[in-house]
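Visitor: Residue numbers (numbering that gives the first Met the number 0), protein chains in the order written: chain A, 0 to 200; chain B, 0 to 390; chain C, 0 to 230; chain D, 0 to 395.
Calculated directly from the structure, the hints in this document are not laboratory data. All C-beta atoms, glycine included, are put in the ideal place defined by N, C-alpha and C. Hints are supplied without guarantee of correctness; some may be wrong.
[Claimed, not checked] Derived pair list, reagent style EDC-like, types lysine to aspartate or glutamate, alpha-carbon separation capped at 20 angstroms:
#, chain 1, residue 1, chain 2, residue 2
1, D, 160, B, 27
2, D, 160, B, 51
3, A, 14, B, 207
4, C, 121, B, 249
5, B, 59, C, 53
6, C, 120, B, 207
7, B, 159, A, 30
8, D, 384, B, 262
9, D, 160, B, 206
10, A, 69, A, 3
11, A, 7, B, 30
12, B, 196, B, 207
13, B, 71, C, 191
14, A, 74, C, 191
15, D, 160, D, 83
16, C, 121, C, 53
17, C, 2, B, 300
18, D, 160, B, 30
19, B, 159, A, 40
20, A, 69, A, 79
21, B, 312, A, 3
22, C, 70, B, 74
23, D, 384, A, 79
24, A, 69, B, 74
25, A, 14, B, 74
26, A, 74, B, 74
[What the hints assert, rightly or not] A few chain A residues that face chain D, going by a derived Cβ cut-off under 10 angstroms, partial list only:
#, residue
27, 2
28, 15
29, 102
30, 115
31, 118
As a plain string of letters, each chain reads:
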Amino acid sequence: MLGEGILKGMAETAKNFFGSYVSKERLTTVEYPEERVPAAENARAFPFLVYDGPDWQAGLRCVSCQICEKECPPKCILIEKSKDKKPDYVGKPQFYPVRFDIDLSVCMSCQICVEVCPFDAIKMNTEFALATDDRFGGLLFSREKLAKSNEYYHSIHPTEAAEVDARLAEEKAKVEAKAKAAAEAAAAKAAVSASPAEGGN
Amino acid sequence: MSSGVQTKPEQLEGWNRPPVIAPEGEGELLEVAMGPHHPSTHGVFRMDVTLDGERVIGLKPVFGYLHRNHEKIAEQTSYLASMPYTDRLDYFCSLTNNWAYALAVEKLAGLDAPERAQYIRVILAELTRIQNHASAVGFLLQDMGASGTPLMYAFREREKILDLFEQLTGARMMCNFMRFGGCRVDATAGWLDGARKMVAGLPNFVDEFEALLSTNEILMARTQGVGVLKPDLAVNTGVSGPMLRASGVDYDLRKVDHYGIYDRFQFRVPLGEHGDIYDRYMVRVLEMRESIRILEQALKDVPAGPVMDPKAKSRGFRPKPGEAYGRIEAPKGELGFYLISDGTPNPYRYRVRPPSLINLTILEDMCLGHDVADVVLIFGSVDIVLGEVDR
Amino acid sequence: MLKTVEEIKAAIEAAIPGAGVEFVPNPGPAAEHSLLLRPESAVAVAKFLRDDAELAFDYLSNVTGVDWPDKEIVEKVKAMRITTKTVDGVEQQVEETVEETRKRIEPGCLEAVYHLYSVAKKHGPLVIRMRTENRTDRVTLPSLTPIWRGAEFQEREVFDLYGIVFAGHPDLRRILMWEEFKDHPMRKDFVEPDDYEYEPTAHDHVLKRAQAHPAAVVASGSQRWRDEGIR
Amino acid sequence: MVSTSFFTALDRIFFLLRDWLVGFLPVALRPAAGVLLGVIAIVAVFPGFFALTTVFERKGLGRMQNRLGPNRVGPFGFFQPVADGIKALTKEDVVPYRSDRIVHFLAPLVLVVTVFLGFAVLPMGRNMVLADMDAGLLFFFAMGAATELSIFMAGWSSHNKYSLLGAMRGIAQMISYEVVLLLSAVSVVMIGGSLSLSKIVEAQNSYSGVFPHWYIFTPWGFAGFVVFAIAATAETNRSPFDLPEGESELVAGYHTEYSGFKFALFFLGEYLAMFSISGLGTTLFLGGWSAPLSFFDFVPSWIWFFGKVMLSIFVFIWMRGTLPRLRQDQLMNFAWKFVLPFTLLNLFVTALWRFLGEGWLRWAVCSAILVAAWALMGRVGMRRKHFGPRSYRYAE
């Protein structure tokens, strides 16, 4: 009969009208500034630089290899390499960035910098509300603004950060073991080379 | 450069132009520019419509307002760096765009995604298809004047699917998830459980969605017999996706090309008979049901294993010289990527075959002789995203 | 089942004598070999491909252009040269192998690539190509839009972005760029005009590039930009 | 007894208020002042009602669409219309350069004035009618027809293609449905025997046991009400008959070129028309201000009237939240080929009802005729237009 479909549809909207008062399934709205959905663990917004230890300048993991700068699709990263070197987390002397700028107004949150980074130095933040009224440079983040502690990284991406830490610790252990072995070998060698001299004495 | 050589349509053999519709009686014709700022052009799109009263006797689509030369950008960056740009083609279905591009590069470089990655890809692609079809139908009904109710129902479900995407890929729309030879991260058991729970609720949603308007007399009167596209013309025009199947042509790349692991799943391809707007609407709704079936099967047994081909590498990726054309059944139609490699880290030629653009070829033919109100519906039933049309 | 590209080539040549179809191999893993059509016979071949009962390539999936700029090829050529030498007081003509470096310019072309599938037989793809004679003035190719309507917008796009003129296209206008735009942005030698739609951003290396630009103008295209002052 | 007199007083509260206020004036001025007060009350109350309705509409639509609706301005968003009003008032009033400025200016005024005039004859409570004309129904329809003029003025003067198309659609639609609206009211007049709206309400204000004698509870009355509701929706340009505005096709139809307060006036006019037509429908078919069950008689009559109007407004909103829009030719076809014949048949059925006398026979006969006619005409119409549910095949 003419009108059947219309009545069916009206029944459906009526169901939703009343349903929205009782069912959370139907009324999915989250009233944003007052209540927030907790960020998913994988969520990504904009990149930041990880540092270990208390001093961000000393602990920055970035060795200024500039791979991310090259791979960044919108080319929003600018890195200036240092002239001198400073020891990294395993104690090996490395370059460090004297300038590391990310223009977040250009960044498209694609995470490719994170993927290509061999040093786990750049990670994605979950903070997305970065609006500013300064159009020229308000979103140009420099090293100071980008540097976030490893603890912060643990707080936003716990699983991932634990994995990274384990990997780094493993590498460090390997390097240390190697260094120890090398040192022992050197000591042994020294001992060997020293012994004739001793004997000579 | 001159604007090229113009040949009159009637001089061309096989040129399947629509019949020229003459205005009735006397009086002036009305030329209306629908767009670029118009409530139902789904973005910045213009249709220069010539009207005789309310009857359309001419229509020229005009686009390019969103053109950013995506292909040129891709030719100037590495293969990997184009991946996030593909998200922005059809921003409703970034994951299928990812897949199409990854598929083309895999073909170009001879990579293969491992089993588990294939499953995850299928799950994500079908979720994408459901949310795209739901919103496409919602937008179509919105164009019909249904005050956004169906659209809001579609968005309600889309919200849940996007939540899943965010949990897995980190972003809701610009997922940038697939990689050449696999997926970027693995799906956790918790995520798969969440997806199962979500999928279990989907049939309910489709039922509700159908009850709302599928048999509504107004909808049937508005859409049946309007914007008819005959199957042979559809094939000749390169129309693809639900629009082609609504015209009754059995051509679903998931069945034809056997890409991914679609061979393993039981699903049917719904076909329309009349090729009108109602068929396009219903084919989309029925495809959602089939997608749910695929999802149920895919989520049942996701094998364990790695998600990346061990041969694949993210840095210094240089495929051998050659070319490849990879295409998948994206929600909007056949999405293809044509790549030529010259052995350098950047593709020599990178081409997107945008289903939205090519499905628009036939827009004028479908609209001629109908009312201006129908133009909006026919356009809505094509289901385009301007990000993909203009690239 | 789809015949191999060589078989299709043979079929075309049997059906259309003098079609002059050339086989273009694809060295990559995809191994999608293609056929190079001659512009004169392209429409006839395309019609055959579409209408042949066995091939039935009724679905044109993808049309695109490729730009192959003029290439300077430096190659070492071993040449036999006949030199006159005096051996033992007798002048003799001796053949000698000399290695010499030659530079030659391989003329570039614009190429249109078509990917064909068959909906009826569910096979494909068949890749066909056409090449223009050069990249400047002889850039006309026959349009395949009369055979496959699906080429309509895509050929317009190729015309717009590459500048291939498709003879026989019913409505060849720019499609993505605006009508007044000069030059063809997808060509390899296209130099982006840095100065249009310019607005200062924090991401401002563009400005420096723009200032350094006039020296870098190589293509006549961007010179034209400059001359006509489009901004 | 105290309570009875209290409720009587409450029922007459507006009269008491008026008499008290008028009492300060000299006797000669009292009748005129009384009328003036009534006019002021209507002009003040209904825009307030409009403001409330916009919030309820948006919240109701929101709930139907599983959203919250406006909830930012004031408690539960109830001050939203205040914000909207301020916005409309402070907005720039843009008049297109090539428009006919005078007509462009007059169009919203004509709309609002004519719509307000319609309220004069509506009995909003026991004896609460501003001008109790003998031909009140006729006056109401005359005023309703004048709104078409304003729509055409707006569409024509804007010098905009969308406006023109919208206005053309509006005129065609409103004239077509005017016929249906009138004819469906005629059946009430046939039974009620009067064109005076107060008399029509009085005729319905009696009870069998506890149940009222509203016209909607008769077969012809129900059919008449359905037709009246369809025509009223079309007349007020509400969804699914909102073609003159046709948001997705014509941007905003005849008021595309209006901004600021003129646009707000159009908006006001649309809602006022909705109230007045709901009021008329209530009066004709839903027993006007009479109570739905006899023992609720003590509740003030005006509460019932406004309650019923609110209910019909809710139905308007409900339809808007559900239904897609018709197309122009379908709309006209529906009016002339379906609704009009059905209304004519309903007139015949009404006459039959009148002369069959009391008893179950007239119920059975009249219902059967109407149901059969609706089903038959619906089926024939759908078959002629080739639409209906479909089944789909699958390729394996």
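Visitor: So, for every hint listed, does it hold in this structure?
Guide: Going down the list of hints, with the structure as the test:
no.	hint	in the structure
1	D/160 x B/27	holds, 13 angstroms
2	D/160 x B/51	holds, 12 angstroms
3	A/14 x B/207	holds, 10 angstroms
4	C/121 x B/249	holds, 10 angstroms
5	B/59 x C/53	violated, 36 angstroms
6	C/120 x B/207	violated, 38 angstroms
7	B/159 x A/30	holds, 16 angstroms
8	D/384 x B/262	violated, 42 angstroms
9	D/160 x B/206	violated, 41 angstroms
10	A/69 x A/3	violated, 63 angstroms
11	A/7 x B/30	violated, 40 angstroms
12	B/196 x B/207	holds, 18 angstroms
13	B/71 x C/191	holds, 11 angstroms
14	A/74 x C/191	holds, 17 angstroms
15	D/160 x D/83	violated, 28 angstroms
16	C/121 x C/53	holds, 11 angstroms
17	C/2 x B/300	violated, 37 angstroms
18	D/160 x B/30	holds, 9 angstroms
19	B/159 x A/40	holds, 16 angstroms
20	A/69 x A/79	holds, 13 angstroms
21	B/312 x A/3	violated, 59 angstroms
22	C/70 x B/74	holds, 18 angstroms
23	D/384 x A/79	violated, 73 angstroms
24	A/69 x B/74	holds, 15 angstroms
25	A/14 x B/74	violated, 52 angstroms
26	A/74 x B/74	holds, 14 angstroms
27	2	holds, 7 angstroms
28	15	holds, 6 angstroms
29	102	violated, 34 angstroms
30	115	violated, 42 angstroms
31	118	violated, 46 angstroms
The structure fails hints 5, 6, 8, 9, 10, 11, 15, 17, 21, 23, 25, 29, 30, 31 (numbered hints given earlier, in ascending order).
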